[in-house]
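Number of protein chains: 2
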Amino acid sequence: MSFLDEVPWNESGLIAVVTQDHKSGRVLTVAWMNREALQQTVETRQAVYWSRSRKKLWRKGEESGHVQKVLEVRLDCDADAVLLRVEQAGGIACHTGRESCFFRKLENGRWMTVDPVLKDPSLIYRK
Amino acid sequence: MSFLDEVPWNESGLIAVVTQDHKSGRVLTVAWMNREALQQTVETRQAVYWSRSRKKLWRKGEESGHVQKVLEVRLDCDADAVLLRVEQAGGIACHTGRESCFFRKLENGRWMTVDPVLKDPSLIYRK
Numbered sequence: 000m001s002f003l004d005e006v007p008w009n010e011s012g013l014i015a016v017v018t019q020d021h022k023s024g025r026v027l028t029v030a031w032m033n034r035e036a037l038q039q040t041v042e043t044r045q046a047v048y049w050s051r052s053r054k055k056l057w058r059k060g061e062e063s064g065h066v067q068k069v070l071e072v073r074l075d076c077d078a079d080a081v082l083l084r085v086e087q088a089g090g091i092a093c094h095t096g097r098e099s100c101f102f103r104k105l106e107n108g109r110w111m112t113v114d115p116v117l118k119d120p121s122l123i124y125r126k
Numbered sequence: 000m001s002f003l004d005e006v007p008w009n010e011s012g013l014i015a016v017v018t019q020d021h022k023s024g025r026v027l028t029v030a031w032m033n034r035e036a037l038q039q040t041v042e043t044r045q046a047v048y049w050s051r052s053r054k055k056l057w058r059k060g061e062e063s064g065h066v067q068k069v070l071e072v073r074l075d076c077d078a079d080a081v082l083l084r085v086e087q088a089g090g091i092a093c094h095t096g097r098e099s100c101f102f103r104k105l106e107n108g109r110w111m112t113v114d115p116v117l118k119d120p121s122l123i124y125r126k
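So the protein sequences, as listed, match chains U and H. Position 80 of the first sequence, counting from 1, maps to 79 under numbering that gives the first Met the number 0, and the rest follow consecutively. Position 12 of the second sequence, counting from 1, maps to 11 under numbering that gives the first Met the number 0, and the rest follow consecutively.
In case anyone wonders, no lab produced these hints; they're calculated from the structure. You can trust all of the hints, since none of them are fake.
Just so you know, same-sequence chains aren't split out, so a pair can sit in one copy or run between any two.
Straight-line C-alpha distance at most 30 Å; calculated BS3-like pairs for lysine-lysine:
| hint | residue 1 | residue 2 |
| --- | --- | --- |
| 1 | Lys118 | Lys104 |
| 2 | Lys118 | Lys22 |
| 3 | Lys68 | Lys104 |
| 4 | Lys54 | Lys68 |
| 5 | Lys118 | Lys54 |
| 6 | Lys68 | Lys55 |
| 7 | Lys68 | Lys118 |
| 8 | Lys55 | Lys118 |
| 9 | Lys22 | Lys104 |
Produce the complete structure using the sequences and hints provided.
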């Protein structure tokens, strides 16, 4: 039996994935994988997600160059989630040019942007 | 407008929540919140989730004593998730008596349990 068979895929065939920077410990993103995405992630050692909006495999960094080298893959006890520990190329995981997608913090009842933009997104996503 | 109105609740009125220990940096759990759970979490500064299986509010630690003191609440850019940074009472977040629910690691194609049980669950959940 493959390790893929032990993953509790939801009714849409997906599992939530938390990705953490192995060095800073920052939680970078929450995304989704289907079976193929997890298989390719393990085989290539680079994070591959399932884009729910685009309905296709999403090789993280394919446009931005901000690939995630996967150092560790973990599974939780029952909440149906995978954890990746990664080396984040460029130190930028978010499409806004920030280290982490969790750049808004609740302060006195308001979501405040507290993390800096490290690189202008227009320079990341040149077409 | 309340900060609660800015949360992109899904079609079930829920949002995924990643909880991280502020000291060890370990990702402890992935769970869910509805509007009331997030409101109570912010008001009480202790993590309150929505139990999808029991369909009720779940004050983390109400049985085990392993409450989570909430130091920081963050929201991500678009993946519809909340991040809590917490102080984990007892250093145990998982019902199996381990620090984190992510105690299984993929090694050579198999999910291996790599983290120790810190306290016997039968001693945690005395009835």
